[in-house]
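Chemist: Residue numbers (our numbering), protein chains in the order written: chain A, 1 to 113; chain B, 1 to 113.
These aren't lab readings, by the way, just hints derived from the structure by calculation.
Be aware that one or more of the hints could be misleading.
Claimed, not checked - Computed list of lysine to aspartate or glutamate pairs in DMTMM-like fashion (alpha-carbon distance at most 25 Å, straight line):
hint : chain 1 : residue 1 : chain 2 : residue 2
1    : B       : Lys77     : A       : Glu101
2    : B       : Lys100    : A       : Glu101
3    : B       : Lys105    : A       : Glu101
4    : B       : Lys100    : A       : Asp62
5    : B       : Lys69     : B       : Glu15
6    : B       : Lys100    : A       : Glu54
7    : B       : Lys100    : A       : Glu53
8    : B       : Lys58     : B       : Asp85
9    : B       : Lys77     : B       : Asp54
10   : B       : Lys58     : A       : Glu101
11   : B       : Lys22     : A       : Glu101
12   : B       : Lys69     : A       : Glu75
13   : B       : Lys100    : A       : Glu75
14   : B       : Lys49     : A       : Glu101
15   : B       : Lys100    : A       : Glu51
16   : B       : Lys58     : B       : Asp9
17   : A       : Lys13     : A       : Glu75
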Amino acid sequence: DAGVTQSPTHLIKTRGQHVTLRCSPISGHKSVSWYQQVLGQGPQFIFQYYEKEERGRGNFPDRFSARQFPNYSSELNVNALLLGDSALYLCASSLVRGVLEQYFGPGTRLTVT
Amino acid sequence: AQSVAQPEDQVNVAEGNPLTVKCTYSVSGNPYLFWYVQYPNRGLQFLLKYITGDNLVKGSYGFEAEFNKSQTSFHLKKPSALVSDSALYFCAVRGNRDDKIIFGKGTRLHILP
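The task is simple: from the sequences and hints, build the whole structure.
Modeler: Structural data, given as structure tokens:
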């Protein structure tokens, strides 16, 4: 069975640009969460989506937005990129909202120059 | 506010010896506690979780963790370390009021041959 997939694997952007990251959850999973992992730190919660609605938001600026599609895949969008947005962006899926086991994808490494 | 502390940046253990990776937490209400492992250039892999019940939780790859409510700790343990256990380990906590998971900063485990 396929696990959580994310695309692209790596991405290099320039300050001020916009980026879209994509995530496909495990088949049958309806909840997707996004995390930012800066080098040397633990993942930080950005968003959770369940049944196409935002169910939770971390302490990130409005430059960060996300959405979930009818097939439960998800996009994370970041506008006006800053150098500090350089990080590994992780997507995690779970069967339903409130289920405690989350399964993580391999991440997208974003570098902002 | 929820928080997780992993007091050791790095733990070195000789192969075959027991290992402990420490974690303490702060959360309102009853905690849901997790351990994840991250190998280089990979996403996070779930090891084990504590929800309720027996304070000793057994997980993947021979790992276990002990929940101690009075000390607000959830230390990860393994009776006999393997070189392949060398990786970055994250403790995480979720309160029972929302789905946000808070991660510690991680502990790098080195198993010496």
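Chemist: Run every hint past the structure and note whether it holds.
Modeler: Hints, verified against the model:
no. : hint                   : in the structure
1   : B/Lys77 with A/Glu101  : holds (20 Å)
2   : B/Lys100 with A/Glu101 : holds (12 Å)
3   : B/Lys105 with A/Glu101 : holds (20 Å)
4   : B/Lys100 with A/Asp62  : holds (18 Å)
5   : B/Lys69 with B/Glu15   : violated (30 Å)
6   : B/Lys100 with A/Glu54  : holds (12 Å)
7   : B/Lys100 with A/Glu53  : holds (15 Å)
8   : B/Lys58 with B/Asp85   : holds (16 Å)
9   : B/Lys77 with B/Asp54   : holds (16 Å)
10  : B/Lys58 with A/Glu101  : holds (15 Å)
11  : B/Lys22 with A/Glu101  : holds (21 Å)
12  : B/Lys69 with A/Glu75   : violated (38 Å)
13  : B/Lys100 with A/Glu75  : holds (19 Å)
14  : B/Lys49 with A/Glu101  : holds (8 Å)
15  : B/Lys100 with A/Glu51  : holds (17 Å)
16  : B/Lys58 with B/Asp9    : holds (24 Å)
17  : A/Lys13 with A/Glu75   : holds (17 Å)
Consistency with the previously given hints fails for numbers 5 and 12, ordered from lowest to highest.
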